[in-house]
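S.K.: Okay, here's what each chain looks like letter by letter:
Protein chains: 2
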Amino acid sequence: MPKVSKRGQNILSSPIRKFLPLMLKAEIEGVKVFKLNVGDPDIAIPPQLLPAIKKYKNKSLGYAPSPGISEHVAAWLKYYGDFGVKLKPENLIPTVGGAEAILLAILATTDPGDEIIVFEPLYASYKGFAAMASVKLVPITLKIENNFALPPAKDIIKKISRKTKAIVLINPDNPTGAVRTRAEINRLVKIARGHNLFIITDETYREIVFFGQPGSVLQVPAAKNCTILVDSVSKRFSCPGARIGVIVSYNQVLMSAVLKFAMVRLSAPTLEQIGLIPILKNARAYTKKITREYKKRRDLVFTALTKIPGVKCQKPNGAFYIIAGLPVKNSEDFVKFLLTKFRYQNQTLMLTPAQDFYVTPGLGKNEVRLAYVLNTQSLKQAMLILKKALEAYKNR
Amino acid sequence: MPKVSKRGQNILSSPIRKFLPLMLKAEIEGVKVFKLNVGDPDIAIPPQLLPAIKKYKNKSLGYAPSPGISEHVAAWLKYYGDFGVKLKPENLIPTVGGAEAILLAILATTDPGDEIIVFEPLYASYKGFAAMASVKLVPITLKIENNFALPPAKDIIKKISRKTKAIVLINPDNPTGAVRTRAEINRLVKIARGHNLFIITDETYREIVFFGQPGSVLQVPAAKNCTILVDSVSKRFSCPGARIGVIVSYNQVLMSAVLKFAMVRLSAPTLEQIGLIPILKNARAYTKKITREYKKRRDLVFTALTKIPGVKCQKPNGAFYIIAGLPVKNSEDFVKFLLTKFRYQNQTLMLTPAQDFYVTPGLGKNEVRLAYVLNTQSLKQAMLILKKALEAYKNR
Numbered sequence: 467m468p469k470v471s472k473r474g475q476n477i478l479s480s481p482i483r484k485f486l487p488l489m490l491k492a493e494i495e496g497v498k499v500f501k502l503n504v505g506d507p508d509i510a511i512p513p514q515l516l517p518a519i520k521k522y523k524n525k526s527l528g529y530a531p532s533p534g535i536s537e538h539v540a541a542w543l544k545y546y547g548d549f550g551v552k553l554k555p556e557n558l559i560p561t562v563g564g565a566e567a568i569l570l571a572i573l574a575t576t577d578p579g580d581e582i583i584v585f586e587p588l589y590a591s592y593k594g595f596a597a598m599a600s601v602k603l604v605p606i607t608l609k610i611e612n613n614f615a616l617p618p619a620k621d622i623i624k625k626i627s628r629k630t631k632a633i634v635l636i637n638p639d640n641p642t643g644a645v646r647t648r649a650e651i652n653r654l655v656k657i658a659r660g661h662n663l664f665i666i667t668d669e670t671y672r673e674i675v676f677f678g679q680p681g682s683v684l685q686v687p688a689a690k691n692c693t694i695l696v697d698s699v700s701k702r703f704s705c706p707g708a709r710i711g712v713i714v715s716y717n718q719v720l721m722s723a724v725l726k727f728a729m730v731r732l733s734a735p736t737l738e739q740i741g742l743i744p745i746l747k748n749a750r751a752y753t754k755k756i757t758r759e760y761k762k763r764r765d766l767v768f769t770a771l772t773k774i775p776g777v778k779c780q781k782p783n784g785a786f787y788i789i790a791g792l793p794v795k796n797s798e799d800f801v802k803f804l805l806t807k808f809r810y811q812n813q814t815l816m817l818t819p820a821q822d823f824y825v826t827p828g829l830g831k832n833e834v835r836l837a838y839v840l841n842t843q844s845l846k847q848a849m850l851i852l853k854k855a856l857e858a859y860k861n862r
Numbered sequence: 467m468p469k470v471s472k473r474g475q476n477i478l479s480s481p482i483r484k485f486l487p488l489m490l491k492a493e494i495e496g497v498k499v500f501k502l503n504v505g506d507p508d509i510a511i512p513p514q515l516l517p518a519i520k521k522y523k524n525k526s527l528g529y530a531p532s533p534g535i536s537e538h539v540a541a542w543l544k545y546y547g548d549f550g551v552k553l554k555p556e557n558l559i560p561t562v563g564g565a566e567a568i569l570l571a572i573l574a575t576t577d578p579g580d581e582i583i584v585f586e587p588l589y590a591s592y593k594g595f596a597a598m599a600s601v602k603l604v605p606i607t608l609k610i611e612n613n614f615a616l617p618p619a620k621d622i623i624k625k626i627s628r629k630t631k632a633i634v635l636i637n638p639d640n641p642t643g644a645v646r647t648r649a650e651i652n653r654l655v656k657i658a659r660g661h662n663l664f665i666i667t668d669e670t671y672r673e674i675v676f677f678g679q680p681g682s683v684l685q686v687p688a689a690k691n692c693t694i695l696v697d698s699v700s701k702r703f704s705c706p707g708a709r710i711g712v713i714v715s716y717n718q719v720l721m722s723a724v725l726k727f728a729m730v731r732l733s734a735p736t737l738e739q740i741g742l743i744p745i746l747k748n749a750r751a752y753t754k755k756i757t758r759e760y761k762k763r764r765d766l767v768f769t770a771l772t773k774i775p776g777v778k779c780q781k782p783n784g785a786f787y788i789i790a791g792l793p794v795k796n797s798e799d800f801v802k803f804l805l806t807k808f809r810y811q812n813q814t815l816m817l818t819p820a821q822d823f824y825v826t827p828g829l830g831k832n833e834v835r836l837a838y839v840l841n842t843q844s845l846k847q848a849m850l851i852l853k854k855a856l857e858a859y860k861n862r
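From first to last, the protein sequence lines stand for chains S and E.
Count along the first sequence from 1, then add 466; that gives the number in our numbering.
Count along the second sequence from 1, then add 466; that gives the number in our numbering.
No lab work stands behind these hints: they were computed from the structure.
Treat the hints with caution; some may be incorrect.
Pairs involving identical chains hold if they fit within one copy or between any two copies, as the list cannot separate such chains.
Said to hold, decoys possible - Under the rule of at most 25 Å between Cα atoms (straight-line distance), these lysine-lysine pairs were calculated in the DSS-like manner: (1) 521 - 831; (2) 755 - 690; (3) 469 - 625; (4) 469 - 690; (5) 523 - 747.
The structure presented is a predicted model; accordingly, all values stated were derived computationally and were not measured.
Just chain S, with the same shape it has in the complex (with noise of 0.2 Å):
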């Protein structure tokens, strides 16, 4: 019989989903699941979407153009001309989600055997599509005790090698919710300028920020010619299900070899493209409420977190994600105890455990991410179940 690549055989399961089947099964008998492990937010879409796309009235159902629908185009350079991003039609294309943005930039400044600098914990794709792109991520820890700031520059340019050819900034962080400051920005600005490598910004939380105005690295204008920035309606739109995203340069070297990588692949999808167009052109009065909502439930998880014994956590700025340290000696499997044993008013709790966010082995083992994705009611009796979780799984 053929064999699976290494790749293939290297590839980790998703953290995320992995737990998937024991939580099907609780829920196949009867037992409510809070489900924090997934960014699938609970809130409802833009009420814009679903009537622009039932407006389609075609006969045929064609593909869209490798750089895109021209007036879902626009409509980004709208979205980003509101914060001060001008751009022109050719520094963007319309990805499959954030998802093959980040795979497209991979490819683009990478080879095999190349290396990506990238801070840990990060958003566990990174991992597999640098495996499925056969390149090497070279992470830098951050600690929670330091609410996962980025360390000075000499510690991030001693990580640098000849193959190094790219830095990862995921901003709003996922998943810690951490949100750069512009020293910090400047910071990797400056090293990526020095060292010629790429930044890679990930971008996809940028409205929900907690405090202060949301940006983009390509406000910087050093940043012009070295930024690639992955971007997804995702989260911002509430809209996961509709798989748009896009991938933005000012580098026209950079972006005529993307062109030619999203030709390959031929279009993202149609309608939903289209549907999207009155979306991005007001975005703010979408934004602006659900992150009101999202520093709500921060604010409440926190709290209860610090609350809880033996929980280390600090208050994230943006995004929906929270990074606690557990008093358990391994998340993993106090996760499989939520699902499989512990039960409260019948009621139980889905949680990623932290490690398969972490590029170096055996860290991050007692941590949990919670995605805070639920209302406050729910959020505050997912926060009890877990005050009763850990005193049951102590005394086990």
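Chain S is fixed; fit chain E onto it per the hints.
M.R.: Positioned in the frame of chain S, the structure of chain E alone reads:
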């Protein structure tokens, strides 16, 4: 300034799309362009598709499960069952069009530097995906004189090296329209089994065959463990903009790697998975009808081409493409001539130069691919324009 990767530099522009700017210019000048270049069907989509999408009433638009929405997967199982291919849900994962299925199949079977045997001319995206995966395509050249039949086993075996991991079979074939005989398929299966290779079988055009019954390599019992099927709704349901395909295999080790890749990229579009459920369950009601229409067009185009002096072609048995050898030295130059200089009744034609469908440099220079995706009246006019244009080109 940081540099684009080698794979980003090496990837070619899509042969189908690279003349787009010239075509748009002609259209802006008011010229009617008959587009026989892209496999973008003009036929109306199945009437159930949009209504099924428009029924969607959820307040959220969440990720579909990475292994697909269960009702959508069930609809595919019914679809394959109708062709005598019995599958379980774990044998199949919905993808973002056939394109993503091809990429995942390549990634699951090869590592950088590995080789895949292909028959040229071949669907050009394979060249692009191989570049993205840093894999080498090893071509076996098929001849127009021989109606693009597969060569004897010994000529295929000759191309196998220690690095060969898979053989690609597109059936019915894009761009030649060839439909493989059972003998050809058995030959490949025997070779694959004998040399521990995977067969990546691309059956996007399955139902569009002009004699005999549509089938699948998966019907061959000996092919079970070595075959990966990539498939798509784009052509058979005339909806390439839906971006839904599927990757299928009985090999569970392989499918577990594919599932991990699928989790990294999260999911295929939610609305389109839902919309296609009723259509997949009763596919033949639609595909029989469109196949009759494509047969009419095939007959018209083939007959017209054989009457143009100097044109060489063979009758294709499936898909909706035909490769024609033209009495020109360089078909790229001829296509440019069509778009920029030639007008007949203020109309012209867009074709795809065939040379980029070849892996071997220098082959196919006088060939073009025609996609008969227009109605018979338009095709009749297009064939007249082609005849006039070849005369004008000769006398230019």
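S.K.: All hints are to be evaluated individually against the structure, with a verdict given for each.
M.R.: Now for the hints, and whether the structure bears them out:
no.	hint	in the structure
1	521 - 831	neither (49 Å within a copy, 44 Å between copies)
2	755 - 690	neither (31 Å within a copy, 53 Å between copies)
3	469 - 625	between (34 Å within a copy, 19 Å between copies)
4	469 - 690	between (44 Å within a copy, 14 Å between copies)
5	523 - 747	both (22 Å within a copy, 23 Å between copies)
In this structure, the hints that do not hold are numbers 1 and 2, in rising order.
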